[in-house]
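Dock chain B against chain A, hints included.
Protein chains: 2
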Amino acid sequence: MAEKVKVAVDAMGGDHAPAEIVRGVVEAVSERDRIEVILVGISDKIEAELAKYTYPRGRIQVVHASEVIATEEPPVMAIRKKKDSSIVVAMNMVKNGEADAFVSAGSSGAILVGGQLLVGRIKGVERSPLAPLIPTSKGVSLLIDCGANVDARPSHLVQFAKMGSIYMEHVIGKKNPTVAIVNIGAEEEKGNALVKDTFPLLKNCSDINFIGSIEAREIPNGYADVIVCEAFVGNVILKLYEGVGSVFQAMLMQGLMSTMRSKIGALLVKPAVKKTLKSFDASEYGGAPLLGLKGLVVKTHGSAKAKEVKNSIIQCITFKEQQINEKIKKNLVQEKV
Amino acid sequence: MAEKVKVAVDAMGGDHAPAEIVRGVVEAVSERDRIEVILVGISDKIEAELAKYTYPRGRIQVVHASEVIATEEPPVMAIRKKKDSSIVVAMNMVKNGEADAFVSAGSSGAILVGGQLLVGRIKGVERSPLAPLIPTSKGVSLLIDCGANVDARPSHLVQFAKMGSIYMEHVIGKKNPTVAIVNIGAEEEKGNALVKDTFPLLKNCSDINFIGSIEAREIPNGYADVIVCEAFVGNVILKLYEGVGSVFQAMLMQGLMSTMRSKIGALLVKPAVKKTLKSFDASEYGGAPLLGLKGLVVKTHGSAKAKEVKNSIIQCITFKEQQINEKIKKNLVQEKV
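Those protein sequences? They're chains A and B, same order as listed. All letters in the first sequence, in the order written, are residues 1 to 337 by this note's numbering. All letters in the second sequence, in the order written, are residues 1 to 337 by this note's numbering.
Just chain A, same shape as in the assembly:
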């Protein structure tokens, strides 16, 4: 029998906690035999939600944590002060080996800070990037880094490219993934100081499939599988992606409802349009891993519903099975020698 994968889940994080989180957990354990979940948070509330479902009891455990970190709290302070918060308690479980992974829809800042301070980085990893999958017309690309590591150095970006390639190949299943660096032109001599310094280093990496620069315009076309950038730029890309998509959808809907003729047409096109929009929906792919930590930490959208929570939990199986951290360790340590 395959080894179990123990996932600690933050029951209190996100806009739809705890209801959608608990539902996602129940769906995950129902769908995959190998998963065991530890739901961390205010136990009364968790138990009240769990009572709504039938599920294999032995595979969901509840661990009480009396505090909750809110999204707007300054992260460093929150992690230091709220020792009995769901995020801190669950991250300590990963650190102590009681859980393989941690999934949360809670405060991004607290998850990023907690990941570095509590779980800790793999030796040799300089920074731990947040790497969400973004939808493209060809499928999905990994955008690395979108975290809080602003003002990165070239050596950080090189590590991001390596870790991102490993994740994309072994977790998402993309063979020999292409890697590109975000730039303001296709030519090697273009870019800011960081990109100009990083470009030749990436070009010299024999263990990644570096294809050069990517202009932002090409990102939605799926031009590269792993898209490397520093976190400020990554954050802008990720959020603008969501913003343009949702404004576009809202305007489209408004347009469809604007005349009698278009309203009738809207009834006919709705199923097809819905299907199209769904293929551009990142929640299908689960959450964003924080790579290079001693355990796996996955951040899902604050707005995550059950399906995204379930997919994020299931993604932890592949991460463990494929020994991603061992691969990262081996790859980055080799590099150092």
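Among the hints, erroneous ones may be present.
As the list claims (entries may be wrong) - List of simulated lysine to any residue pairs, SDA-like, C-alpha gap at most 25 Å: (1) 239(A) / 327(B); (2) 239(B) / 242(A); (3) 274(A) / 98(B); (4) 239(B) / 193(A); (5) 275(B) / 193(A); (6) 307(B) / 250(B); (7) 327(B) / 254(B); (8) 274(A) / 137(B).
By construction, these hints were calculated from the structure, which means they are not laboratory data.
Relative to the frame of chain A, chain B by itself:
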């Protein structure tokens, strides 16, 4: 009678040159009495296009320039070597006061470099930003800087905020325009070093309506009228905006054509959807000014057709009429004292 506005137009730049450029010029002079255009480029080709139209002959002059700068040419070299190119000849006309403004759909790099080297910056202006208008659900915002000034300093961003406010108020007609700086969170303490250093400087500017940080997600909602960022980030925003929009449209069209039912519906929704998409089309607003130069330089999209060329030319009237450069000079020189 109001003063004439003389606009030099690059007849050779852009994907649809010279045909669409010449058509745009003819439309502009036909629509507005005050405009005089100098079409610069290979005269045979220009004359052949002009021969297709009826227009007030005295208001379009052709000036021959034997060379053309291609988009892929290294800009600095091109500007230095191709002395008889349409871009260099036309920019020299602006420099010498023979033209008030220059409009081109040609090589962005060459226009940016030529603007600085040939036309020259207003005294006191540290850098000349490229400031396109981007469509939002509320109308349009000015994104400043999207040029080639990477690795900017805080003082540059402060000047961008001031020049952008002047342009937005007096050319676009937005009273007391709101100004925000692109950031990865709404709080003052967030951001990279550049943003953290710039934020308090903007907060202390009494002559702009600074409203704080803007996350990329809020840009398409029209949260701020003037969006300040350094050029690398601005370039990413601008290009991603275009990229997500066009992939989204393509996928939508694919979805509409996917079933018999949706095809019938598509016929009914088409006019309404087209209208919606049009309101999200930046070409309605003309081109992007390169601000802070001794004359006006306007860069239109490489894909610009007649309408965008026409709108870009017409926008030069307001720029001159409102004495934008005098306002910039006064504002930035005051600041220096």
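Verification of the supplied hints:
no.	hint	in the structure
1	239(A) / 327(B)	violated (35 Å)
2	239(B) / 242(A)	holds (15 Å)
3	274(A) / 98(B)	violated (56 Å)
4	239(B) / 193(A)	holds (20 Å)
5	275(B) / 193(A)	violated (42 Å)
6	307(B) / 250(B)	holds (23 Å)
7	327(B) / 254(B)	violated (49 Å)
8	274(A) / 137(B)	holds (21 Å)
Consistency with the previously given hints fails for numbers 1, 3, 5, 7, ordered from lowest to highest.
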